[in-house]
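Asks: Protein sequence lines, in the order shown, are assigned to chains A and B. The numbering used here puts the first sequence at residues 1 to 167. The numbering used here puts the second sequence at residues 1 to 251.
Read the hints as simulated data drawn from the structure, not as lab findings. A few of these clues could be false.
Said to hold, decoys possible - In silico DSS-like links for lysine-lysine, alpha-carbon gap of 30 Å or less:
#, chain 1, residue 1, chain 2, residue 2
1, B, K176, A, K40
2, B, K199, A, K40
3, B, K241, B, K227
4, A, K157, B, K187
5, B, K72, A, K40
6, B, K228, B, K199
7, B, K132, B, K227
8, B, K151, B, K251
9, B, K196, B, K227
10, B, K196, A, K40
11, B, K187, A, K40
12, B, K241, B, K187
13, B, K132, B, K116
14, B, K187, B, K199
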Amino acid sequence: MYALIALVTSAVVFAFAVWFPNISLIVEIMGHPGISFSQKLDLPISLLGSIATNFTLLSASYTIAIALLFGVNLAMTIYFLRRKISEVRQSGVATGFIGLASGVLGMGCAACGSLLLTSGLSLVGASGILAFLPLAGGEFGILGVILLLASIYLIAKQIQNPAICKI
Amino acid sequence: MEHETKEPGAHAPIQTNNLTIPVAIVIAGALIAGAVYLGTSKGAPTTAGNNQQPQQVAQQTGSLDEMRTISKDDHIRGNPDAPVKIVEYSDPECPFCKRFHDTMKQVMDEYGNDGKVAWVYRNFPLDQLHQKARNESTAIECAGDIGGNDKFWAYADRLYEVTPSNDGLDPAELPKIAQYVGLDVGKFNACLTSGKFTKHIEDDVQNAVATGGNGTPWSIVVAANGKKYPLSGAQPYASVKQLIDLALQEK
């Protein structure tokens, strides 16, 4: 069951990341009355292939890593909660979500110009900062992977050490 | 063996800790929601060429309807009266534009010969990321100015073929490409430094931003009835094909 949760979550995060540049197109196609159901499905499915055409090797790598790690992270968190190990420190869970948030910042780096990062930065008039980032925003994706790994480590450590009874 | 049982008094801080997960989820959710909003909002251009004024315009009016009408002044590959037109805003030094250029050539091989699809090229150099891109956009425009539409496309094809992308093309290659496609190199060099296309290229950039372009390649698929579909990035051929087929269905 937890493997399924991890798998489904990873798939959702991955699809979100890949579809992100074309969310508005997908929404429009889905709501278009003149398009058949199969056609509505075809486009989002084919757009998943953009992981090979619209990402660099680096950004594709950390996008897939973030999706997988977040799935594992969420499954472990649910396991955590179901066991009602409420007294353990939950810093690992928080780290995981911060990791996802950081990863999301870097995810927009499809095509030229980080969609999310530069969008956010331009609102505060600081889009020029990208010129000073060697990976043009990919740093956030890498940071996301590191934080998710840290989160998984912390949660696993807490699960192994339930702290209900110390012997 | 000594067993140590948890202290009853530990419950109070536990309740506080329990808030960590929901709070983290709410924060992450807010960040993701903000991400979606910002990423799909009509403003927020990313080009360095955009000063404060165009940014404000884009944030207020950025929509596909802002796309400049396709005219004889555009660079059109294929049938100008094709039922479906793909307007591509492109940066010559963007690696994804280089990739998408090949995808578009494949589109024209399948749909261009029988006049179903026309490809309209517009400039969208991202100065912030690629400092050489604007000069290369000028070079492509100069090729069209000196040699006409065929030379425009021949030059663009060759430039996208030879550039390693990400500012990797030596500017000395530009006249060589001109010579390769059969242009008068003297006229080409004069054009390149003349500033003749400065306004035209900037107009293209601003139009890309006004239509909601946040990065390159940025394409708009226009159906015969005027319906417009946005396509961001170097999407796979299968996706472009599906979008064309949908646009061809529009009456």
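Asks: None of the hints should be skipped; say for each whether it holds.
Replies: Now for the hints, and whether the structure bears them out:
no.	hint	in the structure
1	K176/B - K40/A	46 Å, violated
2	K199/B - K40/A	40 Å, violated
3	K241/B - K227/B	16 Å, holds
4	K157/A - K187/B	71 Å, violated
5	K72/B - K40/A	34 Å, violated
6	K228/B - K199/B	26 Å, holds
7	K132/B - K227/B	34 Å, violated
8	K151/B - K251/B	34 Å, violated
9	K196/B - K227/B	33 Å, violated
10	K196/B - K40/A	45 Å, violated
11	K187/B - K40/A	50 Å, violated
12	K241/B - K187/B	39 Å, violated
13	K132/B - K116/B	34 Å, violated
14	K187/B - K199/B	20 Å, holds
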